[in-house]
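Just so you know, the protein sequences line up as chains A and B, in that order. For what it's worth, the working numbering labels the leading residue of the first sequence as 1, then goes sequentially. For what it's worth, the working numbering labels the leading residue of the second sequence as 1001, then goes sequentially.
No lab work stands behind these hints, which were simulated from the structure alone. Misleading hints may appear alongside valid ones.
[To be verified] Partial list, derived from the structure: chain B residues whose beta carbon lies under 7 Å from chain A:
| no. | residue |
| --- | --- |
| 1 | T1039 |
| 2 | A1040 |
| 3 | E1043 |
| 4 | A1046 |
| 5 | N1345 |
| 6 | T1490 |
| 7 | A1497 |
| 8 | G1509 |
| 9 | T1512 |
| 10 | R1514 |
| 11 | K1517 |
| 12 | A1520 |
| 13 | A1528 |
All C-beta atoms in this analysis are idealised placements derived from N, C-alpha and C, irrespective of residue type, glycine included.
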Amino acid sequence: MEPAADAHDPRTFTMDGRDVPFEAGQTVLRAALAAGRYVPHLCYHPEFDPHGSCKLCTVKLNGRTVASCTTLARAGDEVESDTPELQELRRNLVQFLFVEGNHFCPSCERSGSCTLQAVAYDLGVMAEHFSPFFPDRPIDASHPDVLLDFNRCILCELCVRASAEVDGKHVFALSGRGAQKHLIVNAESGRLADTRLAVEDKAMDVCPVGVILRKRRGFLVPIGERKYDQRSIREIATANAGSSARPPAAREP
Amino acid sequence: MSRDLSAILAKYEQDPLRLVQILRSVVAEDGYVSKETITAIAERLALPRGRVEGVAGFYAFLPTEDVGRYRVLFSDNVTDRMAGSVELRERMQEAFGVRLGEVSRDGLVSIGTTSCTGLCDQGPAMLINGRAIPRLTRARVGAISAMIHGRAPIETWPLNLFEVHSNVLRKDALLSTPLEPGAAIDAALARGPESTIEEVKRSTLRGRGGAGFSTGSKWELCRAAPGEARYVVCNADEGEPGTFKDRALLADYADLVFEGMTVAAFAIGAKRGFLYLRAEYPFLLEPLEATLADRRRRGLLGEAIRGVAGFDFDIEIHVGAGAYVCGEESALIESLEGKRGIPRNRPPYPVTHGYRQAPTIVNNVETLALAAMVVRHGHQWLRARGAGKSAGTKLMSVSGDVERPGVYELPFGVTVREVLEAAGARSVQAVQVGGPSGTLLSPSELGRRLMFDDVPTAGAFMVFDDSRDILQVLENFATFFAHESCGFCTPCRVGTALQRRMASALAKGFGTRRDVKDLARVARVMRASSHCGLGATAGNVALDALEKFRPAFDRRLGTLEVMPTFDLDRSLAPAREVAGRDDEQAHLRREEER
């Protein structure tokens, strides 16, 4: 067990040869992002406990692959992240997610503000490589204000977590397993209209892809002016770098 | 109107932690869990409805739709197939006019497949309404079909149908050294908890479930972990295809296993224990409960065990519901807590944060039996056998193309060839050691040794002679992993599905060179980034097969880089169904079939 460290005691691990400072109890991913070092990720959200399911943030820690979002930083650890091997692994994982669902970016309301799309661009994923599964996933338009398009779900469980932990409503849950795993809503009818979801809910705003959509708001922001059209996901994810108690160490290799 | 749940909920004290047991009881009575029942259970347990639906949707034996009055599931391990299960299943489907996984129109019967039921030494096997029937033949399936047609309640079927043999064919130290019930407990009491753990550590006993962690160290870590309550869990979720040695151990040596659990409880300071029994072994439940009752009567369980004030310990049997991943210790604990069996993020490990976040040891059935012996007979008892860092003996479940399939107790370090000779194997083409997640060996490797430091194994040993098709073996294992992936992490959820698709295409002769390359690519992704051992090992067999049986792939490959990976004729099936035709004119034939 790692001895509890003084939160003000600056400690560092190295990532791709450069020092990354961290605070006690911080994960490798959180410390890296705070230091302005981008590690691709999808299911991680700063307001929630790490989940560890998308595996995009996989790094090598002292030679062993681990998910950086669930691994606590330890002084002296050597982390590899931006290597050809790990970037190739991440490209494959993104391809896995694309072929698993039905992702038709040109017709998707979230194109340009979709995290999956932005991460794919960041990694340089040019094609799906594997032939798609084309799963049959009917949409749910029963709710007066919200549309659910399950075709794009990447099973990150952020809506499940937000609805349970923040909204206290448990609107979303998961059923099935393996490739049949799918998002369900908390109603005997299986219809979103019969749940307590409201447009003000936190669960409305955490979906990294285009599953949970507000009705009558489609294409309000034109394509080309959306979140990741302005700045890359790399810039946005590390925008708060240096805002922690300590400046990041600036030692170049 | 929803059904009355009072009796079931009362039996499980309306405890949300026992949700899986509650749902199992509903299925036992109703055949499935209806939407209305899910709502009612959620209300009574004060759980979100989606949580209950999600748990039911996770386990193979908790159907949420009507599966007919008789639910027939043929065990679909490669050994069942080798023994003719596909033909038997198709005949039965024909007899009832149902397709795979479909319910007959009169609601009488559904026929499907299920992952290995642990009866590989006496297959083909099936489960019918959760009850196991081994040694299927045309005659047996005919008799079963007749009783279904006659709507005879399963309770009235001849008992010999359900008879499962232990098939222990070789006994060594563990199975032939007698141990009086209570003798190991007395030895532990005489030593005290610390010395008991020390003795287990000195024996160098390592976990028999496959991972091989030091049992004594696990107990020591758990004892040292802060916490009010502690738990002992016996992992009897023997789900690795080809493994059935715990079945034999629990059938013939239950007292010894419970003795081991009680010794472990004394060592770590636990008051409660669980035996997590896989659902495929329902025939063991009653005898195990009887053994527990007997031990309570004899003062070997309950309060003040052996008259020692404060030494209180009892064991509860928790029956699984069809999920291989629950053999992973943290997924098993999730399942024990009435949840979907998703492996937890580790650390923390169960020894500090296990059942209800309390320090918990999870040990394999065989490990606990051995621990009892070590505590009674001393560390030298174990170390007298074995090799290298693998002390003692190992129970092997031998099946496939051998004359004498069954359970063999052999010392660690035994060569693959020696096992083959003991079981009577000829013209060996390949041996799968440790199940689909283990190692595929070629004939040039028969001198390798079964031990942690060479070919590690939890006990599965499946033999394929030279008449078998390695690509069909691969397809079977790939199908297994795709069916059993919990779906939590991307690499395993998607990787196992991709692997199944490619293995199936290759086995059917639709594979391309690109599929061969991608098979290795997917296996590497799963190995590098999966959340737990299931995904990390799901590509082992593909990588082994590609390395050691490459000609089998090349023979089946098309010459093109890209080839249609679908069967044109099969793609016309929906059109045939709509047209109500199945005659020759409604089929396309491939050239070579004409």
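(message) Please list, smallest to largest, the hint numbers that this structure does not respect.
(response) 2, 3, 4, 8, 9, 10, 11, 12
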